[in-house]
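Enquirer: Residue numbers (this note's numbering), protein chains in the order written: chain A, 1 to 463; chain B, 1001 to 1294; chain C, 2001 to 2297.
Hints in this document: simulated from the structure, not taken from any laboratory. Heads up, the beta-carbon is just placed ideally off N, CA and C, and yes, glycines get one too. There could be a bad hint or two in this list.
The calculated label-pair distances, taken between Cβ atoms and stated as ranges, are [what the hints assert, rightly or not]:
1) 1039(B) / 154(A): 52 to 58 Å
2) 1030(B) / 2138(C): 18 to 24 Å
3) 1079(B) / 2185(C): 36 to 42 Å
4) 1076(B) / 322(A): 29 to 35 Å
Here are the simulated lysine-lysine pairs, DSSO-like style, with alpha carbons at most 30 Å apart [what the hints assert, rightly or not]:
5) 2256(C) / 107(A)
6) 1239(B) / 107(A)
7) 84(A) / 1055(B)
8) 1239(B) / 2256(C)
9) 1055(B) / 372(A)
10) 456(A) / 159(A)
11) 1149(B) / 126(A)
12) 1149(B) / 84(A)
13) 1282(B) / 178(A)
Only part of the chain C face toward chain B is listed, based on derived beta-carbon distances under 7 Å [unchecked claim]:
14) 2012
15) 2025
16) 2029
17) 2031
18) 2094
19) 2106
20) 2111
21) 2112
22) 2114
23) 2115
24) 2177
25) 2181
26) 2222
27) 2277
The residues making up each chain are set out below.
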Amino acid sequence: MKRKRIKKTFALLLATSMLVVLALSGCSGGKSVGDVAPSGEGDSGKSGSSGEKVTITHYTIDSEDRTFIEKLIPDFEAKHPNIKVKVEKAPYEQFDSKLQTLIAGGKSPDVTSHYGYGGFAEYYNKDMLLDLSDIIKEDGFKASDYSIPDDLMKIYTVKDHVYGIPVNMYVTLMLYNKDMFDAAKVPYPPSDYEDKSWTFDKMVEDAKKMTHVSDDIAKTQYGVDFTWSERDMRPLYFGVEPYSQDTWSNGGVPSETHFDSPDVIAAYNKLFNLILKDKVSPTTEWSKSVAGQNGDAFVTGKLGMTVSGSWSLAGSNDFPFKVGVAAVPAGGNDKVRSVLFVDPLLILKGSKHPKEAFEWIKYLVSDEVQEKSIDLSGGNPPVNTKAAETYYKHFDGIDPADVKKVYEGAVKYGFESYNHLITNYSQINDMFINEMQPIDTGHKTVEEVMPTIQKKVMEIIKR
Amino acid sequence: MSTIPAAGPTASPSVTKRRRKVDGVSIASFAALIVTTFLMLLPLFFMVSTSLKSKKELLRFPPTFLPDSWQWSNYKEIFETLNFGQMYMNSLIIGILTVVGTLLSSALAAYGFARYRGKGSNFWFMLMLSTMMLPYPAIMIPQFILFSKLNWLDTFLPLIVPAFFGSAYNIFLLRQFFSTLPDELFDAGRIDGCSEFRMWRQIALPLSGPALATVAIFAFIYSWNDLLTPVLYLSSSDKFTLPVGMSSFTSSRFRIPPWHLLMVASVLAMLPIVALFAVAQKRFVEGIVLTGIK
Amino acid sequence: MTHRESRRQTFYMYLFISPWILGFLVFALYPILSSLYYSFTDYDIIHPPKFVGLANYTEMFHNDLFWKSVVVTVRYTFISVPIQLLLALGFALLLNQKIPFRGFFRTAMYFPSMVSGVAMSLLWYWIFNPSIGLFNYVLSWFGIKGPAWLMSPDYALYALMIMSFWAAGSGMILFLAGLQGVPSSLVEAAKLDGAGRFRIFLNVTLPMISPVLLFQLIMGVIDSFQVFTQAYVMTQGGPNYSTWFYVYNLYTSAFKEYRAGYSSALAWVLLIVVMLFTALIMKFSNRYVHYEGGGRK
């Protein structure tokens, strides 16, 4: 009896779903969610420059260092009485899913940046971004008027079309624990990139003097944690380029990658040897154990040096030891030693008021606002070279001259982070983290892993 | 709450006199209970201890168990950092309305599934179960489009109204409980000329106290801790709920989260749930007076 | 059942479940059908969906991450669901007795389900910490050097299972609610017949709470096939894909890869598989689950 009933239920369910599929596939050529006409605000496509009030939405991460822009709105609205700015927020973990849902639902924000896992190249390749070239031409916007270096403008220009205006620039730098250097009687590393004595090998040498491994984890300390950018980018530090040159000219889609080449493998071995052979760097397991919920072992004072992004400066006041900043040592690539993370402001294709959105962007990158934002955000680095002077002085206990030198050297020896420039990057990064894990624990060698990675990178890029 | 081992008359007839002798099994199980309780209360310890630490102390390794100096001021700071009072109110409004809606509608639907063998009842029941089998990310976009068409964005409506039409989980749960009620009770009711609705209200509901209390607790906690839906549907900061506000502490990739404040918020956020549970769990002691009726 | 009686039953059933049917038609039907439709399309969220037939469905069978996620999820479900049920039932039985501080114990047991996820994550960071964590500390008493737990590809999944046991309090509450429905007269009668504690449990208590057991079993399967948050927050699917759960894979496809079509297909395959499991459980349970009423006998 029961059996029959369940069978019947399933038959019914199946039949219904079939019907639905048929019904839906029948109308699949029709209107879809994606192109449902923009509803709501009640004006059509044209940016309402006719004096009527328009609302633009700025989508960002819901954290203090991003939402400070809310404090700038009253001033902006006073200067632009026809524009109202609304800030739409999401936690970091939900940034991408909410953005995609908003776009799919026809509620696309106007202004945003690539604050989620995906970078610029992803947005560009998915055709999410508005080409700003016409607006820029009409407006007469010149980067130099806003003290934005031309090099940085180029990052978000693809084939002479501008897709983003840089707003913040983080660089890769070295933070070091002065207390540990003092205790080991090692002189501090230099902040000057032109100091040729500061090399990768010298760093290892210094690190050895500070490394002390003991059975008691509370007494263990390591000399250096060399987490230079994301894993796929690290060969670049030693002068090896894993992605083919055309990557940078055709919107982040490399025609070839070389992750299984002997040069790349040698580069990775050099880095893994810090952990496995020289033993001056901790394993991931140790780092994570010590970092705990804070996610960064350096802040506990158990690491002599760490290579990381300049965002780490913002919390340095609270570290339980004295902090210094230094140049990233020379590793064999005489052009690139620092990775730059330049965040742009982007206008999405779904924007109904691109001109007004551009006004807002111009306001945010203006000299005065860039300078004001440093304090409001608690230490976000401006791209504006004038405001940068204020930024260098922002960190108590760290010599502004050092910050300045490190920043200027980083720009000179800098390369924009791959995570902003290569398509499908979040998948590539996920894959690297997972596939490289066995090397870290000594279960596999670099030579064993790289062919798989090479194959998978190509698969992901072709997707 | 009766904490005295069974002696004398007890609150309800379902609780009967138990063994008075203490044997090995009881001691072993009591010991297991104490160890488990310790493990279960660890989160409380971590929450409170962390909530009283200073920012600097949080960076220490190995971590301290008790704060070096007790920073009670953290409990003031939360109100200065977040719009905490407003968020608390928003969460309460949404939570309470969700519980009311869920209880009413789920109890009705569950009764329908449990007491009647109508045509197609299996079909609807399986359909209802299947709504729980599609993961949220798969329906997130179309659901957003739906609520956007209803013009419900940036209101509490998407968070509350669906609860008034029953939640599959709670309907299923209550259906299981209503199914255990003896037919004789309802036959007797019918003979007395009770309407079907009155039997629901006067027989089924009063006899399902523990189950209804469970549904109330589950529905409240679910709504209270829900992050994904409010993140998606609420835009204005003054409408944010507690979990949304709290998530802002861990949202910067560039800063170390202020764990102390996050834990202050967690401790304060827990209070209504503990209160609700303390009230509701008494229903599990009173039990049902089934035996009295039979 | 007479014809008239059957019509009466049908009428009242629909009357009572009508709020849910209405809610289903208004709030659930459109999202569900949309996702079904997306599953037959190539949909990147930005551009309109393009119909591709069964391509998404055939693709997943050639995708090794899909198979990895299936293995991880099935292992998790088959190990953790039974243990969760046993723990919940065990504590419910214990705390249904008249023991000292019962209210306190019940509250404590349910406590982890009351606190926010972030507060729990603080605890996990410490408990599973390989060098200073509770577990490895206790293991060291016995001279065992504990594993790296969440950081080890061999143990991360078990760590997530153990985490799920902290939620056994919810299941306990449900069993407790069920146990209140066991008439004490039946227990007394069995005792008079000379039945032991175990026999009473097997022959009296268990049948009486079997509907709750069935509920928890089905919900346990539905929920654990959809485990996501823990993997997202604690391990990001790693290390080395060891916690690459089905829904984690689905989420990644949707919001990291911008493939709403493919991820919808994943969702529908999940639905069908879980539906089959549920039907199977229901079929077997018919023999064992004891419903007092509902005209089922």
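Enquirer: Are the hints correct? Go through all of them and say.
Expert: These are the hints, each one checked on the structure:
no.	hint	result
1	1039(B) / 154(A): 52 to 58 Å	holds, 57 Å
2	1030(B) / 2138(C): 18 to 24 Å	holds, 20 Å
3	1079(B) / 2185(C): 36 to 42 Å	violated, 55 Å
4	1076(B) / 322(A): 29 to 35 Å	holds, 30 Å
5	2256(C) / 107(A)	holds, 20 Å
6	1239(B) / 107(A)	holds, 19 Å
7	84(A) / 1055(B)	violated, 37 Å
8	1239(B) / 2256(C)	holds, 28 Å
9	1055(B) / 372(A)	holds, 26 Å
10	456(A) / 159(A)	holds, 28 Å
11	1149(B) / 126(A)	holds, 25 Å
12	1149(B) / 84(A)	holds, 23 Å
13	1282(B) / 178(A)	violated, 59 Å
14	2012	holds, 5 Å
15	2025	violated, 9 Å
16	2029	violated, 9 Å
17	2031	holds, 4 Å
18	2094	holds, 5 Å
19	2106	holds, 6 Å
20	2111	holds, 5 Å
21	2112	holds, 6 Å
22	2114	holds, 4 Å
23	2115	holds, 5 Å
24	2177	holds, 4 Å
25	2181	holds, 5 Å
26	2222	holds, 5 Å
27	2277	violated, 9 Å
Hints 3, 7, 13, 15, 16, 27 from the earlier list are contradicted by this structure; the remaining hints agree with it.
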